[in-house]
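Colleague: Chain by chain, the residues run as shown.
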Amino acid sequence: MALSIKEVEHVALLARLSLDDQEKSTFAEQLGSILEYANKLNQLPTDEVEPLAHILPVYNVFREDKVQPGSPRDEILSNAPLVEEKQYKVPKIM
Amino acid sequence: MADGFETVIGLEIHAELKTETKIFCACSTAFGAEPNTQVCPVCSGFPGMLPVLNEKVVELAIRAGVAMHSEIAEFCKFDRKNYFYPDSPKAYQISQYDLPICGKGYLDIEVDGEKKRIGITRAHMEEDAGKLVHQGDIISTPFSLVDLNRSGVPLLEIVSEPDMRSAQEARAYAEKLRAILLFAGVSDCKMQEGSLRFDANVSVRPVGQKELGTRTETKNLNSFSALEKAITFEAKRQVEALEDGERIIQETRTWDDEKGVTRSMRSKEDAHDYRYFPEPDLPPIRIRREFIEELQATMPELPDDAQKRLVEQCGLPEYDAGILTLTPASLTFFDACIKQYEDAKIVSNWMMGELSRLLNQNNIEIGDCKITPEHMIKMIKMVDDGSISGKIAKTVFEEMFSTGKSPEAIVKEKGLVQISDESTLVPLIEEIVKNNPKVVEDFKNGKEKAAGSLVGQVMKATKGQANPGLANKLLREILSKE
Amino acid sequence: MELHELTVHELQQKLAAREISSEEIVKSVFARIHAVDDQVQSFVTLTEEDALQNARNVDKENDWRGLRGIPFGLKDIFCTRGVRTTCCSKILENFVPTYDCTVARKLNEEGILVGKLNMDEFAMGSSTEHSAFFPTKNPWDLERVPGGSSGGSAAAVAANEVPFALGTDTGGSIRQPASFCGTVGLKPTYGRVSRWGVIAFASSLDQVGAFTKDVQDCALVMNKIAGKDPLDSTSVSVDVPDYTSFLDGNVKGMKIAYPREYFEEGIDASTKECVKKALAKYEEMGAIIEEVSLPHSEYALSAYYIVAPAEASANLARFDGVRYGLRDFEAGNVVEMYLNSRAAGFGDEVKRRIMLGTYALSSGYYDAYYLKALKVRRLIANDFEQIFDRFDLIVAPTTPTTAFALGQHTGDPLTEYMNDILTVPINLAGLPGMSIPCGFVEGLPVGMQLIGKAFDEGSIFRAAYAYEQNTDFHKAKPVLGVK
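Protein sequence lines correspond, in order, to chains A, B and C.
Residues 1 to 94, numbered by my numbering, are exactly what the first sequence covers, in order.
Residues 1001 to 1482, numbered by my numbering, are exactly what the second sequence covers, in order.
Residues 2001 to 2483, numbered by my numbering, are exactly what the third sequence covers, in order.
In isolation and in its complexed conformation, chain A is listed as follows:
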């Protein structure tokens, strides 16, 4: 079942993607059919199953608290679209 346009708009806002009307209806259809396919999972009883978030049986991977030099400032800023006073510049927030 297709998602509603409203649902698509909500998700697109959460994901910060602006979509035109054509994209909205295409995604509504496509996401709907993919999710319908994924609903297959509901055939499986999983109440007793522990979710698997980390495949490796690895724990406590730590780093020593020792300072290392960071990046030269001009280097790290070199890919920035807009810089002012050695900082990233962004338009108004509110």
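Incorrect hints may have been included.
Part of the chain B face toward chain A, derived, beta carbon under 10 Å [what the hints assert, rightly or not]:
(1) PRO1041
(2) LEU1053
(3) LYS1056
Derived from the structure by calculation, the hints contain no laboratory data.
We put the beta carbon where it would ideally sit given N, CA and C, even for glycine.
Chain A is fixed; fit chains B and C onto it per the hints.
Modeller: What follows is chains B and C alone, placed relative to chain A:
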């Protein structure tokens, strides 16, 4: 609080953990560097970068948990909290969601002599965001600049139960928590550097109502007084709104310290949905019981124990003991003093009186103060043996505070030694008696106060250096001879 | 034979014998690229000048251990210092990393980078048609796709444009294109190779691996890139064996399982036949062959298409136009800047998966989709674990069909996803899997997938090498019109 309403407060406190490096990369956490000079591709959220957890962060978080009587998780993990904001370079914050490192705990506070236990819900490790520099405030600024030096600084977020019922209780809780974190060596808690920040969840409800009212969350509280003022304001605003028949909207508000008001930060674009999920880049953490026990065993004295010691062993009133144990530096100072001087109450009086006044006036921490315990005790002893008066002592103390010199040196330099020499004082008193026949007359007619006025003149004439006891005695002798 | 046609181990021999220089190899490789890449379109960036300079430097050192002097290509998902790294997305079209990913750093110590290879944008796709730049063609049939997402890497090795290349595999992105292009392609165990500096798609599934012309080359490359990296917390400090030590051709007594679910309808009959023949070959060589069941296989694709997009939705959130990448300068506020920059920078497939993953994690759907998928992931991992209690290796087809035609799946995402049905379970379980050529159907290569226990790439190498020694499929090369 307006009649008939009760305020309910819970606090979320962010404390910067005392590490050399950031939580997930080896960049320095030192405060005050030039913008974007303590950054690397990891804390700047560049493509392909991966976090590696700083072991010290885990240790400090557990240490804090132990100090807050928290249950320490045997298993915990990190999660991603997703939201877009220019100070959040990955557009997700690595935090802990359903399995925080510290579970339920508590701390005890005292307000107006009443003790109260405040529950701690949880505490979790997370990374700080970068800093946004605005032109003016966040609402009106035409653009913002992003400095990522702070991005990735380790934080412990400590969430309390909604157990507080007044702004004073909230403040007492925050101060107590700060004391605990300082004593446990977990955080520097420097408010002016933002290493301790408060968010206050405030709601009001009619007295007797069980259900909580709708709460607001006020952010951006960077001092105890801001915390207290914001809660007071917010509770009043909510009561007034309810009394006007309005509904309280659950929302985030920001505290405007200048105007003394909280303001809504709502925007229609913000559909809040953090979509937490387990951080796949970081393996989970297992904490061994022995490690917790080891930290317990090596825990320094905490504020409650110190307070008890000061009451029981030094005979101080609870109130004094509470104030002196607000910071480790103040306790250290006190402890150093009482090693050299028996009367703890006199030490406490000086610390809570003159010292505290000068520290506040000059906005200095006791640890950075120029007066040493040795100098202070020396000065107290000089008062005791009569070489300076109590009044002169205050002058000497101020000089010690601003110069760091020893009291003897100051007294000598400024010629402040107390005059206890009868042959100097007698002619002086005789002169004053001669010049004030009216006052002398009053005294003889039984006005005790008149003697005080004459002694005052002696003190004035000697710029406060006359030994007041001796001057008093000599005056009475001279008067009785008349 | 021209130098560009040789394998890594053949080149190593000639270098060690001082018969040839690295510069000659690099020149030969670039000559080949210039001759055929118009048709194949594997590369998005070439580093010819640097490559030649580096080759001359290596020649001067005259030390021929390891991969010294050997040219290689990298999928454009590997961050390379000073070399544009795009992930084949408009959003990173002008991104020049200031750092080398760990595997590039390791390979640069010895080998010679010749360029960056085409891929589906952000590794999302099975055809390389989702590259923001151009589709790569299958060297065996230029009307067909090379597979994906590491299609450029597979095609370049198959077309003799480069002796070996690295790719990444999140749901089959190494094995599927290796199968389509008739190369060897290994996805190592999750945690075996560092992901540091590799642009993330789905962090719990992504793994770096190699495309090579034969199994021995693959072992040589793995020797160089495998191992714990302190910068990648999910890389594991399990000892790295000398992978060439498994190349003894002996599979006697090896227990090989083939899961019936991987030979069901929906898989091309001729593909199944090739793999069945290979199984017979193993039996002939003394291995023990048995049919088994991996009962949760049919749920793997669903679980994968929830877990991977969910992680991707977070991993791709950082492309916001603030610190790097495409930015809408017209936007009046930050939210608009995000909305427009990302809309302009990402292609349809990437948007689709971000949307899907965002939805699966969003309030109200988390339990039904994301959490459910994690539980099913556990069941799938358990299936494999049970088989590996009794067996050394699992053998299956790599893909349901041979390479499909360009444009065949455009606009129909779900049928394109079906391509991954035989490869995604291995990623979900974190296991190593290799595709090797095991036949041809209508002139197109067929791949056989060898799946091993976690950190037991050794058994895969042993079985793959033994098979290769007894067959000639890996020697067949596509014929390309040379200008």
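Colleague: Now look at each hint and say whether the structure bears it out.
Modeller: Right, here's what the structure says about each hint:
no.	hint	in the structure
1	PRO1041	6 Å, holds
2	LEU1053	5 Å, holds
3	LYS1056	4 Å, holds
The structure meets every hint from the earlier list without exception.
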